[in-house]
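*Asks:* Below are the chains, spelled out letter by letter.
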Amino acid sequence: MRWIWIDRIEEFRSREYARSVKNVTLAEEHLHDHFPGYPVMPTSLVVEGLAQTGGLLVGEATNFSGLVVLAKLARVTFFDYAVPGDQIVYEVWIKELRPEGAVVEGKARVADRPLAEAEIVFGRLDEKRAGEVVGNRFANFRQDMLDMIRLSGHVSGAGDSSAEAGD
Amino acid sequence: MATREDIFQKVQSTLVDALVVDPEEVRPEATLTGDLGAESIDFLDIVFRLEKTFNIKIPRGDLFPEDVLTDPSFVQDGRLTAAGAEELKKRMPWAADHITEGLDIQDLFTVDMIVRFIEMKLNEVAASQN
Chain A
1 MRWIWIDRIE EFRSREYARS VKNVTLAEEH LHDHFPGYPV MPTSLVVEGL
51 AQTGGLLVGE ATNFSGLVVL AKLARVTFFD YAVPGDQIVY EVWIKELRPE
101 GAVVEGKARV ADRPLAEAEI VFGRLDEKRA GEVVGNRFAN FRQDMLDMIR
151 LSGHVSGAGD SSAEAGD
Chain B
1001 MATREDIFQK VQSTLVDALV VDPEEVRPEA TLTGDLGAES IDFLDIVFRL
1051 EKTFNIKIPR GDLFPEDVLT DPSFVQDGRL TAAGAEELKK RMPWAADHIT
1101 EGLDIQDLFT VDMIVRFIEM KLNEVAASQN
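Those sequence lines, one after another, are chains A and B. According to our numbering, the stretch in the first sequence is residues 1 to 167, in order. According to our numbering, the stretch in the second sequence is residues 1001 to 1130, in order.
Don't take each hint at face value.
Pairwise CB distance ranges (calculated) [to be verified]:
no., chain 1, residue 1, chain 2, residue 2, range
1, A, N23, B, T1100, 25 to 35 angstroms
2, B, E1051, A, A27, 58 to 68 angstroms
3, B, V1020, A, V133, 42 to 52 angstroms
4, B, D1017, A, V133, 20 to 30 angstroms
5, B, N1130, A, E132, 10 to 20 angstroms
6, A, F35, B, A1082, 57 to 67 angstroms
7, B, Q1009, A, F35, 28 to 38 angstroms
8, A, E10, B, V1020, 25 to 35 angstroms
Just so you know, the hints here were simulated from the structure itself, not pulled from any lab data. Because the structure is a prediction, the values reported are computed rather than measured. Cβ coordinates follow ideal geometry from the N, Cα and C atoms, glycine included.
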């Protein structure tokens, strides 16, 4: 199972902001256990969607060299649940961007209905350290994320980096 | 130029935000790791917040010299070696009186140390503007 919790990137401004969407569907198996008779998108996966959107922003800023890892959820607030049929909109803004890590602010909503807010801290391992720590284990995930950016065709400000990313 | 008490208040609220602890726990002698439960990723978050709060730049490794702390010739069994203590005193002059051979690194970073570091940085900024 591929661990991708966003469906499409709608807007991407390099080093600034990204917006993605995730459709919640009854075809997602876990919903039948969460909860039986009352399917709701797990809040942990809402956070994961924000983290993946943010991770793309942070990764793209260094042309995906090295590895961006979710390090800390500094503040998370949940307002409401998403249910099958909803389209979750994830918006992420970069607050701080460094070679060693980044801080982003994320908001999740369904149309105008707020779902969650989170401040997310990422660490970044440079190429060498990434190789030492995870080797090739995340090669698939990285490629999936690169494909997402390429398929969206909405990357602005990234210019050549989006073309290289698909290679 | 802010007083040490002003600086302490701001450092205290920064640590309350970053580590989700009560203000009462953030006493000057409290250790970041031992008393306040900070982990390595929290150090990154703390540096970001301190920079924002005090409008200064804290280059990587200035406040928390991770390269020294992960070097086996400087730290053994979680304690500073003689060489480690010497190296750290050089890198962290604002904390020199606190650093000794045998010091448990969990007890190394205290709230007061951060206050003194910030004071030093603010003095540098003020001096460079005169």
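*Asks:* State for each hint whether it applies.
*Replies:* For each hint, the structure was consulted:
A beta carbon spacing of about 59 angstroms between N23 (chain A) and T1100 (chain B) contradicts the range 25 to 35 angstroms that was offered as a hint. Separated by about 46 angstroms at the C-beta atoms, E1051 (chain B) and A27 (chain A) break the suggested range of 58 to 68 angstroms. Between V1020 (chain B) and V133 (chain A) the CB atoms are about 27 angstroms apart, so this pair departs from the stated range of 42 to 52 angstroms. For the hinted restraint 20 to 30 angstroms between D1017 (chain B) and V133 (chain A), the CB-CB distance of approximately 28 angstroms keeps it satisfied.
Taking 10 to 20 angstroms as the suggested C-beta distance range, the pair N1130 (chain B) and E132 (chain A) does not conform, at roughly 46 angstroms. Distance hint for F35 (chain A) and A1082 (chain B): a CB-CB separation of about 59 angstroms, consistent with the stated range 57 to 67 angstroms. In this structure the hint that Q1009 (chain B) and F35 (chain A) lie 28 to 38 angstroms apart at CB is violated, the actual value being about 46 angstroms. Taken as a hint, the range 25 to 35 angstroms holds for the pair E10 (chain A) and V1020 (chain B), whose Cβ atoms sit roughly 33 angstroms apart.
Of the numbered hints listed earlier, those contradicted by the structure are 1, 2, 3, 5, 7.
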